[in-house]
Each structure stands twice: as C-alpha cells, then as structure tokens.
Amino acid sequence: MGSGGTMNLLRRVRRTTLAAMVTACAVGCASTVAGTAQPGLTAVDLSTLETGPYRPEPTAYEPSIDGVPDIRLIEARRMLGHLVHSDEVDPEIDTLGDLAFFWNGQSMAQSETFPPQYQPAADHNNLIAGVYVSRTNGDLRSRKKLIISVLRFPTDAASRQAAAEFDQITHDAPDRHPIAVPDRPDARTSSADDITAVSFLAHGAYVIMVNAAVPQPDPGALAAMIDTTLDLQTARLDRQQPVPMDDLLDIPADPDGIMRRALPTSTASTDPFFGDDDFGAFTPAGQLHFERDPARVRRAFEESGVDLVGRRAGVVYRARDLAGAFRLQSVLAAPGRNDEELPPPPGLVDARCLRLDDRDPVRHYDGLCVVVHGRYVAVVVSRFPASSRIDQGLYERAAAQYAILAESE
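Note that the UniProt record's numbering numbers the sequence shown so that position 383 is 383, with each residue one more than the last.
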C-alpha cells in the first residue's frame, strides 16, 4: 500500500475509533467547545478560526426577484433535477463541459450554448425556461459527446412549432441529411458528417434537444445514442409535474434552512465565478449535473443518504448522518490523476482540500476544500493565484463555512 493509501486508511481508522469512543461514553465525553461535541469530529475552537472577510455565522437567503426572468430561473433550476445524465446513456461520457439555464431566447444566445440563429424561434414561441448540460468522454483522439437540453414552452402546440423551426434552422447548414431514429419517427434528427447529429423532439410542452457525437462516422451509433437519450428523457419528464408560472414563487427558497447554512458570496468580490443563476436548493439529481465524477458521486449520494443540496458561494449537502457525511467528503475530495492534495486549513484537521489540474467549467475554480459538521458536508472553492502554493482565501472560506455550519445547530 502506498503512502496515500496508508494515510487514507489511518484517517478512516481514526474516525472510526473516535466514533466508537464517543458512543461508549455518551454525553459525558462531549467536547467543551461549543458546536463541536459530535462523534467522530475533531474538536474545533471556533474563536481561533481565521475567516478573513467572511461572516462566521448563518445568514438568511433572500434571492433577488426583480422580474419575469428571475421567476423563470426558478423553473429552470427545478427542471435540472429532471434532466437525464449523460453517463446514464454512456458511462464513458462524464467530463463536464457547459451547464446553462435559460429564461428566454436571448439568454440562450448569450450563453454560447445554442448558436444565436436559434434565438428568434425561441422568442417567437415564447420560451419559458430551459436547461442545458454538455459532457464528453475527455478523449480528444476518440471523442464522444452528449448534449441534452430541455426547453419549456407555454403549450404543446408552441413546443411542436419550436421543434420544427429549430430543425429548419439546423438544416440551413450545408450538406445536412436526415438520420432515422428507431421508434422515434417524430424526432427531427440530422447530421452533416455522421459523426455528430442533432435531434429535436416535441414532448408535451417541452422540446428535447440532443446533440450527440461518436469517434468515427457511424449513423447507426448516433441514432442509437439519441434513441436511448430520448427514451430516458421523455420518461423523466412524464414522471414530473410542471409547475404553473403563477405558483413558482410558492416554491420555498430555503427548504429546511439548507441555504442559510451555505457560505454567501464574498463582499470583496473575490469569488471565482460571476452571477448567481445556479444559486438555490437542488435535489441530489439536480446537483449531480455539477459534479466532476457523476457516477461515483451518485453512488456516494445513495450510500450517504443525501436528500438536499443548497448552492450559494458554498455548496452544502445534507447526508443521513455523520458517518454518511464523512463518506461523502471522501468522494467529493478525491483527487483526480493530476490533482494535488493540500494540507487542511489551520484548526480544521478534518477538512480536505485539493488544487485541481483543470478548472471547473461552471464556476471556474481550481481549488476546493470540503468540511464536515454533523450530517452536513460543505464545499468551498477558489481560483488559485498563479504563483502561490497555498490560497489563504480558500482557507478563510473553509473556516467561515465550518463556523456557519457549527452555528446553525
């Protein structure tokens, strides 16, 4: 066993031993430091944590609702939880590319996901909300790609018209030809080279867009990938109930206080991302679209009993219990091939931190720390200074996030 495997084993043994000791002596062995008397957690003195400009206490989450786009974004975020994951279609397609939310045609064009020529069709048919996720297999020599987007329109007729117009716009490109998708004669599918194909399917008030790519020209493989994706996505949509526009504001913004437990944005504008389109409470299925290793994280969600996720500047996961929280932490903080494990922040020996070889494509970070308190796991992120070995800002975020979780009890 290598040194990394030995250290991981020692961590697991230490945590198991601590849990057993605390269980045996029950309340009498509780720590004297407020907020840290929990089995398996190393005691933390909150007064010594270096939190920098961040408030080390929970803050109310009050999303800004300034108009129709903000209301439609609520629906787009809800829809993400009903979007098929690419690894369900092909386990090799798991490297995240783009993730975007839409609230009208202009947002589609500005997101640089759909080309701008699709905007008029979206606007003409009154696009209400949409979501888009792209992933590849990460292999430039033998590339596979799957993009799945679901767009909601006000009526079934509008979705059918939008699908027809989207398909016509796609066919304006030269040399495109149709591809037959088994059992889906209503899917409008075409390709120019038999390596990449685009398909539009109207399903109720929704349009499903699938963009698939295979390494070599193979119309049969493209059709099979699109067919599988459409089967899964139509079934997923049939199992959910669209929320009327007038009822979207009735959806709780902070269910069970998950959002108040998450670190808010920096007052000094030092976060590595811009905007808050992805802020909100998500189901585990919705959060999975943001994850670096979706298949492994899905298993961790199931084994750890994760049932709710809150996304602000910090991302907070609610697990079944402390043991599940530590199990999830080990997966979220698992280094990739070229990632670097970092020492924990001062005073937080249970935290695990990484410097990533590749920046996250959604929030543009390359540093993260994962902290645990009770049944909650939280991830904070940063963009490393080019010449720095340690990012003090990342450590301050981790300390503040831990304090917020501790003070939320």
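It is worth saying that the hints were derived from the structure and are not from the lab.
Do not rely on the hints blindly, as some may be mistaken.
[Claimed, not checked] Derived CB-CB ranges, DEER-like:
#1 115 to 42: 38 to 46 Å
#2 239 to 267: 37 to 45 Å
#3 386 to 253: 31 to 39 Å
#4 98 to 154: 21 to 29 Å
#5 112 to 192: 15 to 23 Å
#6 50 to 142: 45 to 53 Å
#7 117 to 157: 18 to 26 Å
#8 245 to 110: 20 to 28 Å
#9 224 to 295: 15 to 23 Å
#10 92 to 235: 52 to 60 Å
#11 173 to 387: 17 to 25 Å
#12 296 to 386: 28 to 36 Å
No residue lacks a Cβ here, since even glycine has one placed at the ideal position from N, Cα and C.
Do the hints match the structure? See the list:
no. : hint                   : result
1   : 115 to 42: 38 to 46 Å  : 52 Å, violated
2   : 239 to 267: 37 to 45 Å : 41 Å, holds
3   : 386 to 253: 31 to 39 Å : 37 Å, holds
4   : 98 to 154: 21 to 29 Å  : 26 Å, holds
5   : 112 to 192: 15 to 23 Å : 21 Å, holds
6   : 50 to 142: 45 to 53 Å  : 47 Å, holds
7   : 117 to 157: 18 to 26 Å : 23 Å, holds
8   : 245 to 110: 20 to 28 Å : 22 Å, holds
9   : 224 to 295: 15 to 23 Å : 20 Å, holds
10  : 92 to 235: 52 to 60 Å  : 22 Å, violated
11  : 173 to 387: 17 to 25 Å : 45 Å, violated
12  : 296 to 386: 28 to 36 Å : 30 Å, holds
Violation of the numbered hints given earlier is confined to hints 1, 10 and 11; the remaining hints are satisfied by the structure.
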